[in-house]
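Asker: Residue-level listing of the chains:
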Amino acid sequence: MSVVRRSRWSYLSLQQAPLLLAFVMLGITVAAYVLFFDLRLHHLPTAFAWDSTISNALPLVFVAAGQGIVVLTRSLDLSVGGIMDLTNSLAATHMHSSVPSMLLWSLIVLAVGGATGLVNGLLVTVGRLQPIVVTIATMSILQGLAAWVLPQPGGNIPASYTNILANSNSPLGLVFIGVVAVFWLLLRRFRLGIALYAVGNDAEAANALGINVRRIRTSAFVLSGIMSAAAGLFLAAGSSGGDATGGDSYLLASFAAVVLGGVSFFGGRGSVIGVVCGAGVVTLLVSVLFYANVNSFYESFYQGIFLIGAVLLGMVVTSLAQRRARGSLRRSRRRW
Amino acid sequence: MRNSLRGPRSSVLAIRLAVSALVGVLMTAGTIATASASSLAAGKDAHFTIALSNSYIGNTWRIEMENEFKSACKMAPIKTAVNCSIYNANNNVPAQRSQMSDLIASGVNAIVTDAASPTGLNSVVQEACARGILVVSFDNTVTAPCALKVNEDQYQMGYLWAKWLAQKLHGHGNVLMVTGVSGTYVNEQRDAGAQAVWKKYPGIHVVDQLNGQWDSEVAQRVVSAALPSLPKIQGIWCQGGTNGVLKAFQQAGRPLPFTAGEAENGFRQLMASGKVQGYSIGQAPYLSVVALGLAYEILSKHLSAAHFKTYNLPLAPVAVQNSNNVKGKTWFPSLGGDFFADVAQTGTGSTVAGLCLASAKSGTACPSGKLVFSFH
Chain A
1 MSVVRRSRWS YLSLQQAPLL LAFVMLGITV AAYVLFFDLR LHHLPTAFAW
51 DSTISNALPL VFVAAGQGIV VLTRSLDLSV GGIMDLTNSL AATHMHSSVP
101 SMLLWSLIVL AVGGATGLVN GLLVTVGRLQ PIVVTIATMS ILQGLAAWVL
151 PQPGGNIPAS YTNILANSNS PLGLVFIGVV AVFWLLLRRF RLGIALYAVG
201 NDAEAANALG INVRRIRTSA FVLSGIMSAA AGLFLAAGSS GGDATGGDSY
251 LLASFAAVVL GGVSFFGGRG SVIGVVCGAG VVTLLVSVLF YANVNSFYES
301 FYQGIFLIGA VLLGMVVTSL AQRRARGSLR RSRRRW
Chain B
1 MRNSLRGPRS SVLAIRLAVS ALVGVLMTAG TIATASASSL AAGKDAHFTI
51 ALSNSYIGNT WRIEMENEFK SACKMAPIKT AVNCSIYNAN NNVPAQRSQM
101 SDLIASGVNA IVTDAASPTG LNSVVQEACA RGILVVSFDN TVTAPCALKV
151 NEDQYQMGYL WAKWLAQKLH GHGNVLMVTG VSGTYVNEQR DAGAQAVWKK
201 YPGIHVVDQL NGQWDSEVAQ RVVSAALPSL PKIQGIWCQG GTNGVLKAFQ
251 QAGRPLPFTA GEAENGFRQL MASGKVQGYS IGQAPYLSVV ALGLAYEILS
301 KHLSAAHFKT YNLPLAPVAV QNSNNVKGKT WFPSLGGDFF ADVAQTGTGS
351 TVAGLCLASA KSGTACPSGK LVFSFH
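Chains as they are written, first to last, in our numbering: chain A, 1 to 336; chain B, 1 to 376.
Pulled out of the complex, with its shape left as it was, chain B reads as follows (with noise of 0.2 angstroms):
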């Protein structure tokens, strides 16, 4: 008897708990929502709104890359012309195709995508392209012809990196190649860009060929591994996470080789000290503002789309050797050696002019407040 009272009682008293959670739950996530809307601040008279969605923002680059979309976003022309959001997918191709569908049908003007997949988003979007949104895909884009795709040369990175080593080897010598994730477009393109180069040089040996995954820590310990098992090596061709490479290295105890390798501010660092001879070039996180410059230009009517299916960012001139490394603009003494420190375009001839350190670093405005695209 004492049971069968005390079983209804403590039942609803469950019930009421769950209810009063679920509740809060929805609660919480109202204020939240209200608190954190990741819409960035726009002038009065925004005409556009341009979206980014990015797949992931796991790692050093993904972060530069998205501050320094916030940055241009605070400054002009872009700060008063577009109302700017950005919305991430923890790496998920269903829920970025699912953020892609709501920002159709929200009404975006553009959308600049860094994409989970190449093709895993072609579908929806193909249906934003019928809807009149623009699409610009950067750094991983997608397959969709009506996509306008704004990258590097992969194939010409690779092929760069390569052809450095074999003229500052003279055609002979050992190479240690460092790759990246496997499966993937860059990866690929990176690979047979080198390869075109080893087979013109037969005196280049590549002694062995380790997955990197483009992280640093991954790298130093793959190469911490193999290298008591390795001869004397005269080159280093790596697709990222170089600071790691060279780590390994110097605990080894052994000479640091000619390198060729990625934009990472460790890297460049021992380039200033005189430690490496190397040749960096990065993917450059400030895509995603050439992306977003790109489809601003296109919307304002200033560009034509048809003309830029695709555009690569020109390479050559951006690569940085022992000579061009310059303190505070290619290099920063007091930042980390995961820190890709091609946070500007420099030379001449800039496809966007007025970012700074600020922009990566923290997606601040720079002194300028100004920036300038050139598309040629």
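Chain A with its partners taken away, still in its complex shape (with noise of 0.2 angstroms):
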């Protein structure tokens, strides 16, 4: 009996490092903000300090987890910030401050997202088109698109919808950052989410277990369109205003969360849940950095830095677990 809990265990530890993993580097991150902010300002990070971070941090959030999505099916979605960039140009131009317009608004922008996600999803399925390509030729589109329907920077949103969305005064931005999880927790649990991960592991094995693969990969990407779209709404709010290349360089940034999250490029492996804490770890690496006085030249060298040992310590774990879990096989099997 206990050795059936040991290799279930061992199991479950085998599928969570790579998160379990994310959330220490989460905390790490959190650590050393903290200790930073305290040397320098020689008190604790304020109210203002909090908050700020995590409203600035949630138009990555929303990207990213859309991306980690994409890359569970093994795959990969290059047009997550052009959606970004067309999102918050058309919100900056139509939205007015009355609550049928700020609602009827947002609605548009997400459907907007989710229906070029359909495009990219077809395109890929359908058509038989490699991802990158796809993704990377609806990415200038986009980009043009949103400078077609804002030429220079500018616009506005109304300052409810900033007070809402973007608020650096309270922690409403924690409410957000909880129905991306809760919504992944309950996805998982449904055929879709378990799909998504049968796809990303074996998409032969998945069509053979009658999983419509393509429906998924395309699912995938309506998601990801639809969560580009969001953040493109948060962005647009967090700024006041719009800019049609303001969602550029969200891009490699959301990669940048996935590979932190712990999500395999390989696909099927990695939760969600990760890529919210890998987001937060980008998110709050640039201000550890600004209280630890380096010169923000050395940035993205961290940032490099951060995601090589990420990777490696994933790897580390990963293989420590894999072997906890042959060995407990090898037991269970001997005592049998």
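Derived by calculation from the structure, the hints in this document are not laboratory data.
There is no bait here: all hints are sound.
Simulated coverage check for chain A against chain B, where a stretch passes if three residues somewhere in it have a Cβ under 8 angstroms from a Cβ of chain B:
| id | region |
| --- | --- |
| 1 | 143-153 |
| 2 | 242-256 |
| 3 | 279-288 |
Beta carbons: idealized from backbone N, C-alpha and C, even for Gly.
Assembling the complex is the task here: the two chains are given apart, and the hints tell you how they should meet.
Answerer: Here you go:
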């Protein structure tokens, strides 16, 4: 009995090791943040410091979560930044300060994101094109559309909208992070969530099991599109305006968050919860380096070190867990 | 059995390795942190803290701009009154937003900023204003109403370039336009200024509009590629990378037409040698110092912020033509072609006097050791 439990634990730790690692990384980064903040300013981070950090992290949390879902299916989405470009421009040019307008345009923007994801997904699955080719093309198209919607940075986002989505004076942002987490925890209990893993692990095997691989991969792109559109809304709210190039820098950051979050680029392994932690690490790292008085010139350098460290550590932990699982399996066989 | 023995031992080793690597990274972070604090030297009685939040440090102009800022921080009155610091954000809106939030949390008196996006920082800028922090944006300014804006009038710049060309050509001729980074405010405004002039002169034909990205190498490449298909050109209107455009003309064996462009040293050198008739106005790298000076004057209560919501450097007086192109002042024989030659304000009625070549080149103090600001 104890043997069975132990091997199940081993199996779990194999699956969850990268996630645990993501939590550890976030913990280390938060600790470093508090430490350097206190060293520099001689008091603990203020409520404003926390709230603004959370609110700054929101666009990345959403866009990286979307990217994570696509990566889980062993694919990638280079158009996420372009979707953010277009959606924050749309919001900034069309949204008025009435509640119906804010709701309507939020929905339209999310729908635009979903539709873009659908196009990506269909081109990849039905068109049988490489995801990298498809999404690099849609990225350019979206960037062009964004520049057409908003030729120069500007537009306007209602102050009440900013107060809800990007309030740096209240921890409201935690609610949105919670929404992502709960959404994911629910999703992976449903068929779609399980199928995402199955397709990412082995598409042919999934197909043999009766999973509609095309539909699942397309769904991943649609989810990514919607998430990126939401990120565009958070970006617009945080800027109280639009910028047709504002989303571009989120593309690489989304991959950084996915890696730090422990999602494997070979698909089928990892969790969006980990990606959310990864997004937190990427966002906090800027502040850690700020309070540590590190010249921001070296910021990319440290981000790179952190990424490589995360990947190496992830490999070590996974192989450890694997060995453990194998070991206990062997032991259980022997006893049996 | 041997396997199961080796397993745990090597895994313990791996954990130890991983942990020590992590500790190592954190420790190097710590040592570098103490070694390269980006805070610049300040006098003991410094009573203001002013931070420069710069979106990007990857091109010649930005490097000169930061050097000018550093130089100003080493000269009176800034040297003794202000504790300066500089932060760069890799042209990344979220990173710059985080940095500004951190600057707010650490309680600076003023933030001087060249923004990664005109709108992307607005909420954090408003947050700063709400907490009584003075925000002065320059070059790539922010649209938040509470921030002061220091710049050159970009529309006027495009307009003056075009007007000079139209007059030189007596209203007739082929003009090649080389534009900048599309989707930016500066590019749109400079372009609009030029179009306003072309409308008045129907005899001017814009034969092509090439995107030079404000980069000499890019500009040279696109112009070289397009030249064989272009007719004889009498005038060049160039937003940036002017030296590259002229190089492309030289390589193609074409005569150098009348050229209105930026303040690249290479362009000014050609003007000085008489090879080209030019009209050169540049986006001044010392805009950072003008913004710093404005912040200092307002914090010292010499000026009121309400009167300086937008401050544009006067343009026409600083335009350099072949007649007023002075060696060692508006062009430098020993420096590269990409160097922006507008290192200090020339002419009368300067907003900031006291900067020199060393300011832009190395960020050191000038011989005078003193800056004089006069905002009007």
